[in-house]
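4 protein chains.
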Amino acid sequence: MKLIQDTIHGLLKIEDWMIKIIDTPEFQRLRRISQIGFANLVFPGANHTRFEHSLGVMEIARRLVERMEIDEDEKMEIVASALLHDIAHLPFSHCSESVVERRLGLNHENVEVVLRKGEIKDVLRDLGFNVRKMIAHIKGLSDCNVVKGDIDADRIDYLMRDSHYTGVAHGVFDAQRLINKIVFVDKKIVIDAGGLRSAESLLISRFLMYTTVYYHHVCRIARKMFEKALEFCIEEGNLKPRELFHMDDFTTINFLKASGGYPKDVVERLLNRKLFKRALYVEIKRVGVNLNRIDPSNAEREIAERAGVDEKYVIVDIPKLANGEEFEALVLVGGEMKRLDEVSSLVRALREAEKNSLMLGVYTPKEFVDKVSRVAAEFFAVDKTYQSKLF
Amino acid sequence: MKLIQDTIHGLLKIEDWMIKIIDTPEFQRLRRISQIGFANLVFPGANHTRFEHSLGVMEIARRLVERMEIDEDEKMEIVASALLHDIAHLPFSHCSESVVERRLGLNHENVEVVLRKGEIKDVLRDLGFNVRKMIAHIKGLSDCNVVKGDIDADRIDYLMRDSHYTGVAHGVFDAQRLINKIVFVDKKIVIDAGGLRSAESLLISRFLMYTTVYYHHVCRIARKMFEKALEFCIEEGNLKPRELFHMDDFTTINFLKASGGYPKDVVERLLNRKLFKRALYVEIKRVGVNLNRIDPSNAEREIAERAGVDEKYVIVDIPKLANGEEFEALVLVGGEMKRLDEVSSLVRALREAEKNSLMLGVYTPKEFVDKVSRVAAEFFAVDKTYQSKLF
Amino acid sequence: MKLIQDTIHGLLKIEDWMIKIIDTPEFQRLRRISQIGFANLVFPGANHTRFEHSLGVMEIARRLVERMEIDEDEKMEIVASALLHDIAHLPFSHCSESVVERRLGLNHENVEVVLRKGEIKDVLRDLGFNVRKMIAHIKGLSDCNVVKGDIDADRIDYLMRDSHYTGVAHGVFDAQRLINKIVFVDKKIVIDAGGLRSAESLLISRFLMYTTVYYHHVCRIARKMFEKALEFCIEEGNLKPRELFHMDDFTTINFLKASGGYPKDVVERLLNRKLFKRALYVEIKRVGVNLNRIDPSNAEREIAERAGVDEKYVIVDIPKLANGEEFEALVLVGGEMKRLDEVSSLVRALREAEKNSLMLGVYTPKEFVDKVSRVAAEFFAVDKTYQSKLF
Amino acid sequence: MKLIQDTIHGLLKIEDWMIKIIDTPEFQRLRRISQIGFANLVFPGANHTRFEHSLGVMEIARRLVERMEIDEDEKMEIVASALLHDIAHLPFSHCSESVVERRLGLNHENVEVVLRKGEIKDVLRDLGFNVRKMIAHIKGLSDCNVVKGDIDADRIDYLMRDSHYTGVAHGVFDAQRLINKIVFVDKKIVIDAGGLRSAESLLISRFLMYTTVYYHHVCRIARKMFEKALEFCIEEGNLKPRELFHMDDFTTINFLKASGGYPKDVVERLLNRKLFKRALYVEIKRVGVNLNRIDPSNAEREIAERAGVDEKYVIVDIPKLANGEEFEALVLVGGEMKRLDEVSSLVRALREAEKNSLMLGVYTPKEFVDKVSRVAAEFFAVDKTYQSKLF
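Chains as they are written, first to last, in the numbering used here: chain A, 1 to 391; chain B, 1 to 391; chain C, 1 to 391; chain D, 1 to 391.
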């Protein structure tokens with residue numbers, strides 16, 4: 001057994017079988033994938049990685065399975081799934097995900113892409129794991145929702161961790177009480193009534209972290225710039241989307257730099273923090289057109305053309321509402337199981353607040369902001385006086 | 001100048017004039033008034049006092065006035081008001097307040113009761129303070145709402161402090177950002193748009209702390225027991241309500257013990273944690289009668305009689321909704337001042353959530369719970385199956 | 001089972017048998033005994049009590065016994081001993097201890113004074129505990145040093161806790177690693193080599209907390225004033241030393257106040273923070289006489305007489321070196337057990353540093369400081385230029 | 001003005017002139033230089049960078065100069081020097097420093113290498129800074145020791161920061177009190193007597209962080225492997241040492257990978273955590289030869305040859321004692337200035353403890369450990385039974 005010092009959960013006890021998984025190149029690659037993409041452009045301390053997050057999720061899972069009444073092998077399988085749940089994360093985490101999703105219909109939950117070959121495949125086989133079942137846990141398709149569910153080990157860890165590294169207090173919630181108030185009905189997490197406030201508190205943290213950190217306009221701009229550079233390389237035939245599953249932050253930056261031209265320009269802007277600026281940034285309810293009918297690429301082309309700007313330098317960013325599965329977590333009240341949003345008016349309000357916080361953005365280099373701003377406002381039928389200075 | 005180590009705000013710089021105020025017996029008395037009454041019966045770390053809270057509020061006020069454009073004398077007056085805002089707090093803080101309020105129409109904001117005599121009067125006069133103006137700041141009747149307003153120095157400190165000492169994470173919010181995003185319009189606090197999330201976060205903390213700590217049923221039971229013992233002494237003619245302004249936790253406990261009989265029994269129950277239990281505890285929306293028309297004392301008498309229990313051993317606890325002035329804090333959005341609850345759907349939801357969290361309680365010693373429970377359910381026309389196990 | 005929120009160790013799981021002990025009046029009394037006496041006169045947050053410390057020591061003991069290879073009954077006995085190790089603590093903790101020690105040869109480890117009667121006796125009997133063995137654990141006379149030893153559960157808790165409540169960072173050390181690096185040889189705690197730095201770190205914390213907090217001159221002055229008032233009451237025949245085992249901070253303050261005269265004057269000085277001041281405060285190596293041959297009472301009498309001051313208003317405070325048993329903790333290096341001070345030059349240096357930090361003090365009310373100062377310097381043959389301004 | 005959220009010091013107020021410096025490519029490069037090299041191989045949270053550390057040192061400097069009695073321009077110059085003090089740091093910080101030091105006699109304090117050209121040169125000129133004076137502050141050659149001295153802004157920040165990100169409590173010390181107890185004699189930092197414990201505490205933190213984190217054997221092994229790969233590239237003529245001043249972690253890793261052969265093998269070992277292991281690891285006092293006379297490269301060659309191993313796969317790591325300038329910080333005791341190590345026996349002990357903690361290491365891939373171990377023990381005349389298992 002080995003001890004690893006985690007900044008969030010303290011000393012982690014790492015058993016031999018875990019070491020074997022951790023020591024594979026596939027897992028070590030997570031050391032080079034930043035947890036929240038380019039958030040360190042805003043929060044300079046946010047340099048944490050999927051590696052430490054994965055250890056943290058494993059730790060939370062370990063504490064949860066302890067109180068499940070299942071046999072040791074099944075517990076180990078769940079814990080290992082927690083450890084490996086992000087093994088297929090892409091460079092800069094979510095920042096390159098949509099590129100792959102759009103082309104291949106795959107995302108970071110498609111861990112089979114990684115687990116079915118290489119050293120990790122051999123190690124899992126030697127340890128006797130049933131990889132098929134692990135994949136089900138990770139995708140939320142098994143009968144147990146510890147790894148992926150409405151309130152799960154993943155969410156508990158990332159809120160605490162992202163809060164520690166950004167310095168934003170919002171991520172602080174009462175994790176220990178929440179974990180203690182989780183009971184298991186079959187293999188499903190249910191919150192005991194005494195944990196209601198802690199569960200609400202987690203959802204609120206999540207909402208505040210989304211609007212303050214994850215959806216900070218600088219994070220969104222950097223992410224969109226990065227996506228667009230990747231898209232360019234793919235369209236030029238220089239990058240196969242599937243390769244991204246085996247790249248990391250280091251190799252991707254290097255690849256883009258070496259590509260020259262547009263990708264090189266974008267990556268240098270990211271590295272030197274010469275980012276695109278907001279030409280338009282408004283609450284979606286201010287938008288006069290139906291956003292569901294707008295294809296962002298087309299919109300970019302049209303706005304660029306009208307503004308007389310190279311289309312590669314106009315980005316249209318239409319936000320999507322998170323699916324909000326957390327709202328459906330189950331709470332045990334007076335012997336009955338109810339949905340969290342049934343029991344808590346606060347949670348119901350969060351849905352509303354989330355919708356209201358969505359912003360449409362159009363980004364372009366500083367020198368084009370005026371031109372693009374005017375055209376974009378027209379295109380989206382926005383009264384420009386609504387241009388938000390909110391965040 | 002002197003340094004005092006505060007657990008929440010770090011080293012506080014205490015100027016000479018502050019020391020003069022702090023060193024009066026009137027201010028030192030605050031060392032012996034616990035900040036959140038009997039909460040230490042549930043949260044063993046909650047032994048903090050009005051003394052340290054007062055220093056903390058002064059510190060927050062000091063940081064706030066720094067950016068007001070008023071002259072130094074006025075700043076000093078506001079800071080001194082912050083320091084003294086709780087000088088008239090009563091034994092076990094809010095736990096003895098309603099007794100005084102009912103009889104004399106005075107509460108802890110009537111600082112004139114304390115400031116107009118004794119050493120403190122002399123010190124304030126020697127320092128050249130205008131006590132009348134200070135009282136206005138403390139009561140929220142001046143043109144400046146730093147000490148008492150919707151979002152004020154008091155609230156900022158108590159949430160952080162109560163969180164530290166109870167160990168309940170809910171009180172954690174982004175105080176530093178909030179303070180930095182406060183601007184002054186005349187002498188009124190206004191939240192800049194960039195501080196909206198921090199302000200929401202404060203209100204949420206407050207809500208969660210209320211339901212988890214301040215309104216924890218054990219805290220409420222202990223408080224009500226204590227109140228009833230004080231009422232008894234007053235009715236027997238052994239205690240004048242006004243005396244409570246000069247008593248502290250130590251002297252009050254001792255007085256009740258020395259009174260013998262019922263007060264002694266109650267205080268021993270408090271000291272030995274042999275508290276009354278919940279005979280009824282239901283959400284007020286489950287109650288079948290109009291609570292506005294019920295006088296708690298009458299209700300206690302009637303329930304006791306029907307249950308065949310001494311009326312001194314039945315407590316009816318009808319909660320009141322806090323006035324929610326925080327919801328009315330002003331936010332500066334796009335050059336316009338708006339009310340916080342106009343701008344934030346989350347804040348609007350909190351009002352609703354607060355109402356839903358109100359519980360009616362009837363408490364009695366363990367051995368009478370069954371009898372009283374049945375009668376009380378009848379009295380309040382409550383379907384007993386709704387008896388809440390929620391918190 | 002019940003959960004208690006501890007500010008230091010998080011949620012504590014309290015089993016039924018623990019609740020039975022905690023709910024006795026003897027244990028509840030610890031709620032009213034402040035952990036570090038009058039330290040709150042300097043550190044306003046230091047209002048924590050022996051009650052929460054006792055829960056904390058129990059928690060550390062629980063974590064330690066988990067890895068001992070002994071049967072469950074013995075584990076429970078050790079954990080219960082940890083819970084009860086301070087049950088005989090006296091009002092304001094160490095502040096009244098020497099009074100009892102001098103007269104009766106008893107101190108707070110003589111838990112038999114409390115455990116052998118009252119409700120606690122019955123509860124322990126009903127739970128089937130062997131009280132004799134528990135007493136041995138608490139006094140450090142058993143074959144197991146978890147509760148009392150060189151590095152034990154008590155020390156680990158109090159450093160962390162006193163640090164949290166004073167706000168002094170010095171108490172922070174790597175407790176989790178230390179606990180993880182403890183191995184058991186028979187039933188004795190031994191530090192594995194990998195925990196050497198953590199053990200050093202604990203000793204350093206202890207040293208810094210002693211010099212900064214526990215031996216802060218204001219704490220020492222208040223303690224000595226309190227002791228002298230108690231001594232006075234005993235000599236006048238108004239207080240039997242043994243009674244102190246059943247008194248608490250509240251009742252003692254009240255008793256002194258009610259005594260009138262000198263005790264009343266002292267207690268009012270303590271309550272209103274009108275403390276004695278330092279007439280002399282020098283490193284003991286500056287002292288020109290042999291302190292071992294000086295009886296403090298005699299010295300007080302003589303200095304008072306020469307200075308023309310009432311002897312009750314002169315206090316001579318000759319510090320004693322702590323016994324430093326921690327230095328003798330065992331460390332496992334390369335298969336061999338060695339003493340901590342053998343292995344660590346840093347630890348050896350602490351002994352020296354401790355000796356050098358000892359200060360002789362003579363205290364008296366402000367108005368007598370000049371007179372007493374001169375006489376005291378003569379009496380102790382101190383060159384007054386050495387009068388320390390160090391702390 | 002802009003606000004940046006720092007995890008250690010809270011919200012930093014960034015003035016316009018600071019933004020201009022921060023926004024240069026030279027400063028942005030610090031985002032890609034990890035603060036403590038390969039320490040994240042042991043402490044997975046240690047991904048922080050020279051970028052955020054530089055902001056932190058600026059903040060500490062800002063707080064310090066506030067109380068100096070010098071004009072605003074000079075204050076600004078010192079604060080700017082603090083911001084730029086690490087601008088010439090090399091890839092993976094100290095991990096590539098010795099390579100440059102050995103060849104060019106330059107280290108990260110030779111900021112002139114960076115400041116004298118590029119965008120940063122222009123920005124500093126436009127802002128009117130005297131670069132010559134700034135360099136003097138950074139090298140500790142000016143009349144002010146805020147940026148570099150015995151106890152300086154740099155040390156205060158890195159201990160706090162490294163502690164936060166490694167999760168090792170040892171770095172916690174009482175920074176706020178220390179800063180408050182600093183007085184200025186001319187432009188030199190002097191610790192007021194009341195800050196003695198805080199200063200001791202900083203030195204102890206530094207010692208514990210050195211032995212626990214910075215000199216953790218895995219950190220040393222990774223660093224030495226990296227150095228050896230760089231040396232190889234230089235000797236092969238593929239890398240000019242001076243280029244390293246403009247490279248970062250990303251580009252260096254990429255360069256080594258692209259170099260193929262030995263450097264590629266080393267970098268893959270680092271990325272996949274297949275590190276060399278300790279063939280010998282002993283306290284230097286156990287070594288039977290005079291280490292001052294040993295050239296590490298020669299030793300590597302000879303040991304490799306005798307063991308029949310490729311010399312590129314044997315590393316000899318002879319530690320150097322830090323110069324310990326902190327021990328010479330000045331303390332103001334009774335009106336006199338004394339050296340810290342004169343006043344504090346604890347500090348004197350640290351010197352000794354530091355010497356005793358030095359370890360000689362010989363590292364090689366796992367498969368050669370046995371062979372190399374035997375030969376190395378002979379070469380250094382070490383009794384192998386002393387092989388340390390200490391850390």
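No wet-lab data here; the hints were simulated from the structure.
Keep in mind it's a predicted model, so treat the numbers as computed, not measured.
A few of these clues could be false.
[Stated by the list, open to error] Not the full set, but computed from the structure, chain D residues with beta-carbon under 10 Å of chain A:
| # | residue |
| --- | --- |
| 1 | PRO25 |
| 2 | ASN40 |
| 3 | ILE135 |
Note that CB positions come from ideal geometry on N, CA and C, so glycine has one too.
Hint check against the structure, violated hint numbers in rising order = Hint 3 alone not satisfied by this model.
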